[in-house]
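> For the record, the sequence lines run as chains A and B.
Numbering-wise (the working numbering), the first sequence opens with residue 8 and increments by one.
Numbering-wise (the working numbering), the second sequence opens with residue 4 and increments by one.
Hints in this document: simulated from the structure, not taken from any laboratory.
Beta carbons: idealized from backbone N, C-alpha and C, even for Gly.
There could be a bad hint or two in this list.
Distance windows between CB atoms, simulated [unchecked claim]:
hint	chain 1	residue 1	chain 2	residue 2	range
1	B	S150	A	R82	38 to 48 Å
2	A	V20	B	S241	38 to 48 Å
3	A	V20	B	T75	36 to 46 Å
4	A	T48	B	G219	20 to 30 Å
Partial chain A-side listing against chain B, Cβ under 7 Å, derived [said to hold, decoys possible]:
hint	residue
5	R25
6	K27
7	G30
8	L31
9	E34
10	P37
11	F47
12	C66
13	M71
14	Y72
15	D75
16	F76
17	Y81
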Amino acid sequence: MAQPTRRVRGVVVIHAERCKGCGLCVEFCPTDVLALSPAFTSKGYHPPEVVRGEACSGCDLCGMYCPDFAIYGYRL
Amino acid sequence: MSERANPVERYLRSDRIPHIWCPGCGIGTTVNCFTRAIDESGIPMDRLAVVSGIGCTGRVAGYMHVDSFHTTHGRAIPFATGLKLAAPGMKVVVYSGDGDLFAIGGNHFIHAARRNLDMTVVCVNNLTYGMTGGQLTPTTPEEAIASTSPYGNFEQPFNLPYLAESCGAVYVARWTTYHVTHLKKAMREALLKKGFSFVEVISPCPTLYGRRNRIGDGLDEVKTYKQRSVIRNGAPTSEVSLGMTGPIVVGKFVDRERPTYQDAMDQFYARKLGDRYARASQ
Ligand SMILES: Cc1ncc(C[n+]2csc(CCOP(=O)(O)OP(=O)(O)O)c2C)c(N)n1
Ligand code: SF4
Ligand code: SF4
Ligand code: SF4
Ligand SMILES: [Mg+2]
């Protein structure tokens, strides 16, 4: 069955090597786009990964919260 | 399609990132809000100076790619005062910690507010001396455990918005690092306000405050801000003191007009000296 197509509204960009795994972006993304990945950064932290990219509005709340300047979003 | 850059990036000395702040520390969140507030204020980067004292928050001056100065402990405001009086066209922001601004630097804060110096002071209030090991500061709540109060604090802390208003600040707001959009807006308003503006940001120090007080990590502490905060714009500042439990009252508390130090000086000497007075500010 064909899925109704929804326009992608936003993009989230992750700079994993800056991340310290605090989880703020995951917690406060209003549309649950993110989850902490089981992978490790070279410093041993779990960075976020995109699990529901189509739900990203580009609101940049993740970018406002991230204490390490490691993630941000923008609208398309 | 080319990727757009992180809006914080052009304000950072990117070669110094990653920064030294611990995982979940709130200082970086305040910097995000601050840089977006600068963008929205329209103040050009070359007209902005950021001055910090010593402490984890004091590092902000060193990470920002604007004219900035990392002063000695407690002396950010006197340095900023000289800068503002010598270069009245600059927007001067003091960005520092609760210990730096209100313990060793407390005297400077009260007089800068009293004189209504045209500057913005941002205090990242993590309720402790983060950098030096979690000692008690003048804002540590009663009962809180600090490295210098292992049984808990018995001293009455400062209520910073009340102190700022009483001393004469014309703009006073408090938010937490949970309230990122409100904080950005308050910082923008403070940047554009003429006179002494003060923004307090309640912020986690998970390493030396949260853990010791069984709050948990940085995320856990921000969740407590979400639960405990009550927005009361215009609340009397005498009613916004902070405890270990109970509401964290946030909002814009004061927004009023009063002649700045420079304006008062110009008016006064123009009246006293007439044509003999050469204005410093232009
Ligand atoms: C004259 C002087 N006294 C003491 C110190 C030690 N010292 C460094 S940072 C600091 C406290 C910083 O606390 P705060 O301003 O709250 O910043 P935070 O680290 O919590 O962000 C102290 C006491 C110093 N550097 N200089
Ligand atoms: S930009 Fe907004 S919607 Fe997209 S991941 Fe970040 S917080 Fe979530
Ligand atoms: S907020 Fe930043 S540092 Fe924290 S987990 Fe997300 S990307 Fe990593
Ligand atoms: S010690 Fe506290 S204030 Fe300093 S960087 Fe770590 S968490 Fe932040
Ligand atoms: Mg502090």
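> Which numbered conditions among the earlier hints are violated in the structure presented, ordered from lowest to highest?
10, 11 and 12
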